[in-house]
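J.: This is what each chain is made of:
There are 2 protein chains.
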Amino acid sequence: MTKIKNAFYAQSGGVTAVINASACGVIETARAHRDRIGKVYAGRNGIIGALTEDLIDTSKESASAIAALKTTPSGAFGSCRYKLKSLEESRAQYERLINVFKAHNIGYFFYNGGGDSADTCLKISQLAKTTGYPIQAIHVPKTVDNDLPITDNCPGFGSVAKYIAVSTREASFDVASMALTSTKVFILEVMGRHAGWIAAAGGMASDPKTPIPIVILFPEITFDRKKFIKSVAEKIKRFGYCSVVVSEGVRAKDGRFLADQGLRDAFGHAQLGGVAPVVASIVKEDLGVKYHWAVADYLQRAARHIASRSDVEHAYATGVAAVEMALAGKNAVMPAIIRTSDQPYRWKIGEADLKRVANREKMMPRNFISADGFGITERCRRYLAPLIRGEDYPPYEKNGLPSYVRLKNIPVKKKLSEAFKV
Amino acid sequence: MTKIKNAFYAQSGGVTAVINASACGVIETARAHRDRIGKVYAGRNGIIGALTEDLIDTSKESASAIAALKTTPSGAFGSCRYKLKSLEESRAQYERLINVFKAHNIGYFFYNGGGDSADTCLKISQLAKTTGYPIQAIHVPKTVDNDLPITDNCPGFGSVAKYIAVSTREASFDVASMALTSTKVFILEVMGRHAGWIAAAGGMASDPKTPIPIVILFPEITFDRKKFIKSVAEKIKRFGYCSVVVSEGVRAKDGRFLADQGLRDAFGHAQLGGVAPVVASIVKEDLGVKYHWAVADYLQRAARHIASRSDVEHAYATGVAAVEMALAGKNAVMPAIIRTSDQPYRWKIGEADLKRVANREKMMPRNFISADGFGITERCRRYLAPLIRGEDYPPYEKNGLPSYVRLKNIPVKKKLSEAFKV
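If you read the protein sequences in the order shown, they are chains S and W.
If you count by this note's numbering, then the first sequence holds residues 1 to 422, one letter each, in order.
If you count by this note's numbering, then the second sequence holds residues 1001 to 1422, one letter each, in order.
Think of the hints as simulated: they come from the structure by calculation, not from any bench.
Since the model is a prediction, treat every value here as computed from it, not as a measurement.
Do not take every clue at face value.
As the list claims (entries may be wrong) - Here are some chain S residues pointing at chain W (derived, C-beta under 7 Å):
1) N45
2) S59
3) S62
4) R81
5) G240
Cβ atoms here follow ideal geometry from the backbone N, Cα and C, with glycine treated the same way.
Given these sequences and hints, build the entire structure.
T.: What follows is the structure, given as structure tokens:
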């Protein structure tokens, strides 16, 4: 066995505006250590690429293409929603992974994802012990949901938060202009099935210099129609209009998603998704005022054009640190962002034990949500502000579009004779 | 009567990311001609401000506040949806306007809006003849719908177009990453009830360097479910995914909006709006693939953070030209953008007769839409490219939010004893 080992890197789960910045950090740092790390092979579509021996040779990409990942949203190598079962349940999968790693001399495993992916990464890290094959598995944090424990925040979140804060401010300015004779309530649906971090970012649109009436509906707070309508009505009375930021994960008293309570098509079939139109119809029924609603969906997590600079820096730094940890001989760890000061914002990279990361969700602290349940507290603002601070614009082409890189993604020649079905 | 006259300026209809840039052009240019123009009084909430004598004294605003309008979306003085009837039908309204103009020594009337507002402006321009009160009415073009005649494009459109093009590219990168195990179709609903200009902008997301499979649903093309599904299926087969940009104005064969065909709430009430979920349910039913959908709504027209530079320049220049036309003694005209070259893009300001502008809609030329009805042609690209070219970022605050100005909007003291109900 040579001392130089190749590295495997893959992206997992919902992609973000800055996950490629982490990829850039991993690949650039690996390239700077050619004495220890041979090539970085990326899994096409996450762990599926490893299982099917569908590897991408990132060494075929130019330095400038890899650098351009820093300003390109989405997952450059493809992502997947695929969770490995336990070693006991799915021995064949793990044997296959070992075979692929062996065949391609892979000694470092970098997995870039959220909570589920941290679990996958942890399982891989245990292969060294259980199978004797020497592999170091390092998790690179990523999730717009911001729900990983230990790390102060998750790369990907800051940029969504900035997008939602900026968009809420802009749309609120719009509805304020229209309120006298037209729209009085604007409703923006945002992501966050379990935790209200993204919805909370909508609250940042309002500040002492630019007060905006905003009602936030958090998944953490059970929807109370009466209280909600009362709050909206009060704001309309005082400001002439009201903006509502609603998390897709808001639930009614019966525990069901509010989004599922509403829409049926002409044939009576339930319609998937869209809590915004449900809230809109409640506003219409109870207040009778004109409303508009928007659903940001993928736009929010892909919006590299308005990414937060601190988020990009976090994403890149965790990629760099992951490789450095691997070179330091670590296994089953994750670079975590440690905040050392709110103002001025100071942070460093710490090390989190993957066992303490996998399958744990960090919810919004209750003291981040205002007493009435419809807003954010000063504490929450102090937490969020540094994460949405700073812009990091991508380059633009002559035709007015952002110049996002598409890699060549040249496959590594397969070495195993048998295929593997996932 | 003094030679120095005051000016009235108001914003009308749906606001845009750059209508305030036109306001800035009007006010700054008026301020540069204090020998001819006294004060600029803005109507609070459009023409309603004139009718109710609710005028804002813009001279109370600092030069820097007025300059900041150039980077602030929405209507700084409030807008309205309110159309004046003909002189015959509504003499009292016109008499009231004359009384307000007289009381405040207003000799210049600048109205910033779309087709309906051009009609209002034209009616005001005729007051000079019909009532003998000397007033010059100049229309300042504005509409995200891009449907005013004569002018090459309408301030407000270029920025929406840029937002939709950028967002479509970003979301398409996202779905491409997810397509193997998750979302295969992404649907983005955009504005444009009558004309497909905004939907066309989605097509700009794809270009030879960055090909993206996009199916556009135009209001100009009757929705054909079979052909649509066939086109989407082909693109999924070839690229693994497909993006759909759908105009809110798309109609079914029976002439009804596609948006109105779908959703009912749990009680069977029809739901307002949202063609995206209707298209999503068609995709689900006919193809059975996973989809995501977004509705941009106000976000698209308020998105000053990604405004097109050429659009900002057009908006400001038409405001400047409106005042210059007034000073040149013109009445019943509108500054129009005249394109003199596609590449390099060159333009100048011309003069349009308001009679030829009011109540006429400029539709998308059929040769801007591809033969299959689902895409844009080279001709359309040549037209759109200069309008989305260049960025013009607003300043940002320390907390990560764009710094948008809010004017003091100090009212002018009322001079008329009687109130007027609108």
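J.: Would the hint on S/R81 stand, with a C-beta cut-off of 7 Å toward chain W?
T.: 5 Å, holds
J.: Per the CB criterion, is S/S59 less than 7 Å away from chain W?
T.: Since chain W brings no Cβ nearer than about 21 Å to S/S59, farther than 7 Å, the hint is violated.
J.: Using 7 Å as the Cβ threshold, decide whether S/S62 counts as touching chain W.
T.: 15 Å, violated
J.: Min Cβ distance, S/N45 to chain W: is it shorter than 7 Å?
T.: 4 Å, holds
J.: If you take the shortest Cβ to Cβ gap from S/G240 to chain W, is it below 7 Å?
T.: With Cβ-Cβ at 9 Å, over 7 Å, it is violated.
Checked against the numbered hints given earlier, this structure breaks hints 2, 3 and 5; the rest are met.
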